[in-house]
Amino acid sequence: MTLRVAIVGCGKAAENHITEVKKRHHTNVVAVCDSEPLMAEQFSVRHGIVTNYCDFGQMLREQQPDVVHITTPPQSHCLLALQSIDAGCHVFVEKPFAETRDSAAEMIRSAENAGCKLTIGWTYYFDPVVRMMRELVAHGQIGEPVHLSVFHAYDLQGHFGRAVLEDRSHWVHQLKGGLLHNNLDHLFSLIVEFVEEEATTLSVNAWKAADSPYAGLMDELRLSMQSDHLSVEVGFSSRARPLGHSVTLVGTKSTIHLNIANQTLIQDRASDLPGPLGRIAYGLDQTKQAASRLVRNCTRLVRSDFPALPGLGHLISSFYDSIEYDHDLPIPYEHILRVSSWLNDVVNRVEQTRAVSL
Amino acid sequence: MTSLVTGSTGFLGTTVVEQLCGAGTPHVRCFVRPSSDRSNLRQIQNKYPATDLQFIEGNLLSVSDAAAATKGVETVYHLAAEMRGPAPSVFANTVVTSRNLLEGITKQGVRRVVLASSICVYALSKVPRQAAVTETTELESYPERRDVYTFAKVKQDLIVQQYRRDHSFELVILRPGIIYGEGANLLPSRAGLRLGNLILEMAGKNQLPLTHVTNCAKAFTLAGNRDVLPEGSYNIVDDDLPTVAEYHSLYRSFSKSPFRIRIPFWLAMLLSFVSEDYHAHSMGQIPAVLTPYRLKAGWGGHRFSNEKLKTVGWTPSVSTHDGLLRTLRASCSTKPSTISETLVTQLQPSVARNEN
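Residue numbers (numbering that gives the first Met the number 0), protein chains in the order written: chain Z, 0 to 357; chain B, 0 to 355.
Hints are computed from structural coordinates only; laboratory data are not their basis. Hints are not guaranteed to be accurate.
[Claimed, not checked] Here's a subset of chain Z near chain B, in silico, CB distances under 8 Å, partners left out: (1) Ala162; (2) Glu165; (3) Lys207.
[To be verified] The following residues of chain Z were derived to be distant from chain B, with all beta-carbon distances above 12 Å: (4) Met0; (5) Gly56; (6) Ser75; (7) Asn112; (8) Ser202; (9) Val203; (10) Ala280; (11) Ile322.
C-beta atoms are modelled at their ideal positions from N, C-alpha and C, and glycine is treated no differently.
Next up, chain B with everything else stripped away, as it sits in the complex (with noise of 0.2 Å):
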């Protein structure tokens, strides 16, 4: 039995390969490009010597060398996707590569097939503020309007599907809050905007929808069972999120942050249209990363349920409060003051607080 990991030298990758290893899985096989670096996968190589983990070097914008991927391959863990670049880059390596992939799993009779999607593929800008988000609220219909990122991932979901009605493998879809842990990036787009070394602490109120690696890559190797996780799309939050501005404090707590400038949604919002407004007027001088399309979906303060992936037994194994200050300990160089010691350890009742 031998499963495939697309993304494996990546973030989550990485530790959805060490969980299958750990796991007892016999073949894992890491699909991994000319140039990424493989130090991380040879010390769980070293770590599990009795798992066969294999490489296999390649692009995935390569139609054989998709086919040559999934080929003896009963599970397929598709995580690979570019996060950053140019639109068109995002999408090759987003859509164009899993529709190669797709194509060697159609051909290879692959029987399951995990998909790493995100919960930014909902229409949030359709959503209430602060309403909650679950696998049945409906997928964004006008990604273009979104960042090029969304704008792929929900062209990639779509065509996962598409692939699924038309073939019989069996598909899983997880979609993933912000995930962090050790070596992620500790301020991401949903804590603020960053310009150089300021950051716009926007909408603080907001729960930011985090899952720790270890938490997300334990719904990674539950849904390749499938005794155990139906077919079906299921988005993965941890319990007890922060606030961002708890978030904020605890961060400034640990780090020489940026400089803050806090900005309540509705502030928000009006920026959203000048920003528009100047993008289109500058035709384009200035990227229009916030408008209020954009800001309705990213800052809307939304709450996504785990329910449905708690109810087939996924539980987080590593709670926020040890997550977070694991991960700021790690990553960040100063030692937490006094002060911010009493914080970190408010911050639990706070966020149980916040959640009730």
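In isolation and in its complexed conformation, chain Z is listed as follows (with noise of 0.2 Å):
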């Protein structure tokens, strides 16, 4: 069966979307949607996709797509994803999700009722690092998780990061919790599946700390949560380099470090040896386990296997699995409605600050 793939939203996320849907084989992109019909057009030529709309329930009667990909920015998410599961379309959402819990809710509920599969763009859930850090754990490799820690550093003079400075109309700071409400999916996506719902949120932090023209431009934040058995911490800073996601599982037997952005694994492990010796014992071990992470890469490299977001093109066949074969989706809708609940607290409580700021 050839699933039919349409595309909402023709902007960056887009690209990394159609990327990833075109390895895939029996799958063809109908049609793509844009409310702007200069970026539906050149989507289309460059991407060679014969129909283009600014008409999306046009497309959704004309295409009957049976996948619809939702790269809008997150205000019209619900609306659209709804509109989608109406005409019986499978919907995969890039992140945020919503921009509230409630409406996430509703999306999960209508897709359920529909028998729909709905899921969501956390690229970095099924990273090829982060799914070595799965296994390692299941295999009880660490112990029981003590604590946790993730990071973003964020570059504001990137190419996105620009076009929110360059932009006082832009949805970025239409959104209650700004840049932090874009990008903080990114790092509970991390935690997520660690972290009790139970977890209380000890504290959020929020600041603005880059030179911009915007006084309510939170790009700092520092968070933490404490659950029975594991503490977290998540970061985000506009200011720290080299930039990129890395995260610090501390546990009972191990710890493990990942660098994302590189694609590296470390994993600190006590030495049998005493003294100095077991120092010398770690020195080799950690060389041992960088010779290794760089092999690997480079034979991940050999056979194409470093695209620039591998994790998207993992996440993106899971869920076309999902669809064909009827095999449980990629991420768990609980996954999904924590972060949600998670993203309400913390925008709420920026925009607490910003307001106290302007």
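Please dock the two separately framed chains into a single complex, following the hints provided.
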């Protein structure tokens, strides 16, 4: 069966989606849609898609896609997803899933009632090194998780950051939590499987550090959570370098350090040897692991397994498998709802801080 | 009489604004984005107190901002464009912004529009190697096979021409070559491809279609004057242009240049086939920066004619020799060696020979 795919929103996120969708056999991107006709046209010309629309309803009626990818600004996600589900489509929604937890719940409820599949574009959830970490945890190599720390060093002068800074009416400014609202999904998606729903958010500190013309544009965040057995720290910074996402998972047996941008995973293990010998053994172990990562990454390069967003490819592939073979969804709905709740909580607190700073 | 300059904080825009002020334009309106650095424009404002230099803040992605910018304007110098970044950003900030501006232009009754296009919009892959490219050369028919900037600039050119056919404003399209000068990128892609600390110098015998920012801005100020420049399109390149190899030799004498590998055109063509195949085979793991089509267009050794612009009185006021020396001296930290000074003095006759 060839799945008919449509994409709504012809911006940067759509580029990533179509690249990964095209890699999959038995899929055909039949149409794209954007409220700006020029954007829809350029996307279809560059990617060789015959049909483009600026009316989403018309596209659904005429093309009758099996799957719709929603890569528009988050303010429109809920409406477009509900419309797609009404038309009987499976839906892949870019992050943030919805503006509020209630909207997220409504989308999931509609999908379940209609028998449609729904997922979210959490790129890092299935990143190769994150999957590797998941395997180590499942095999008991780190013991019981004790502390988790995730950090995102963000480039406010990058292409997307500059677009936000250069445009006062950019959709990021319209989000309740601004820049943080658009980025926290990446961090929360990395902790969601470890943190129980009852975890308490202890503190949320957000502030503006970068030199930008927007008084309310918070670009630094530190957040901590606590459950019975696990403490969590989440950090976002537009000043920290090098850029990218890092994760540290401290366990009762060992500790794991992930560098997602550079695709490395290093495990800190206690040596059985005493004193100085132990320190040398530790160094040797670290070197061995780094060499192993280097070889693994070289192999991936040769095997053409090094796309810009490797996790997105895996996620899209798993989502399409779940449609074609009626497998479980790659991301459980409870994870999406849990993150939506955290986002709600955090953006409310960030909004209060913004109000004070304005 | 108010003139609007979009892209006014950019490399070319700042010089155009300065020349308009210097030419005595009474009101110059600079369109600036919220985060743009306006310090250079402030200096110009202080230097030319007789000119009413206005700032209007906004983003041309907004139709209302574009309409506000064009209100009461007689001449628009449209220089704003996105040169690099993801394809949708480059397209939106070049084409959608132009369409919005044109809506404002037609509604507000702007009399004359001067568009900053580029020599890249020509169908260069179809033009034989080393052949001359004039304003009558056809535009690229397959811009999607070129880079994202060319894709956007071709579409921008077509949209502006369509609006001209449907409305009554006057249109001058200027197509500059590589704009250089103090503060510009010293290693443009036509001079080679940079990979970290390595530069692939391709087709060293090709002439570099340079234009000094002062000369280029001069063409823009002329284009705003309907008594001087008739409607139409004009290439802007300077005279006595160096070859790629000559440019690199000069550059290396001023700067700790990256490691250079010289690649003749035939080898570059071979590499471009490999690059294109690998891109397809690896499903986009490494972008297809070099393809046979792009190679023919970007490194085909075409010579761009500036005769049409010269016939209406434009001449480069900064010679290539002086412009390059000034640029390299200002931009490079190291002083040229004695041997390099010899090379510098030899450059002018060398490029003159090359022209002949």
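Verification of the supplied hints:
1. Ala162: holds (6 Å)
2. Glu165: holds (4 Å)
3. Lys207: violated (14 Å)
4. Met0: holds (22 Å)
5. Gly56: For Gly56/Z, whose nearest Cβ neighbour in chain B is about 23 Å away, the distance exceeds 12 Å, so it holds.
6. Ser75: Correct as stated: the minimum Cβ-Cβ distance to chain B is 16 Å, above 12 Å.
7. Asn112: The assertion about Asn112/Z holds, with a minimum of 34 Å to chain B.
8. Ser202: Correct as stated: the minimum Cβ-Cβ distance to chain B is 31 Å, above 12 Å.
9. Val203: holds (27 Å)
10. Ala280: holds (35 Å)
11. Ile322: Ile322/Z clear of chain B: closest Cβ-Cβ about 21 Å, beyond 12 Å.
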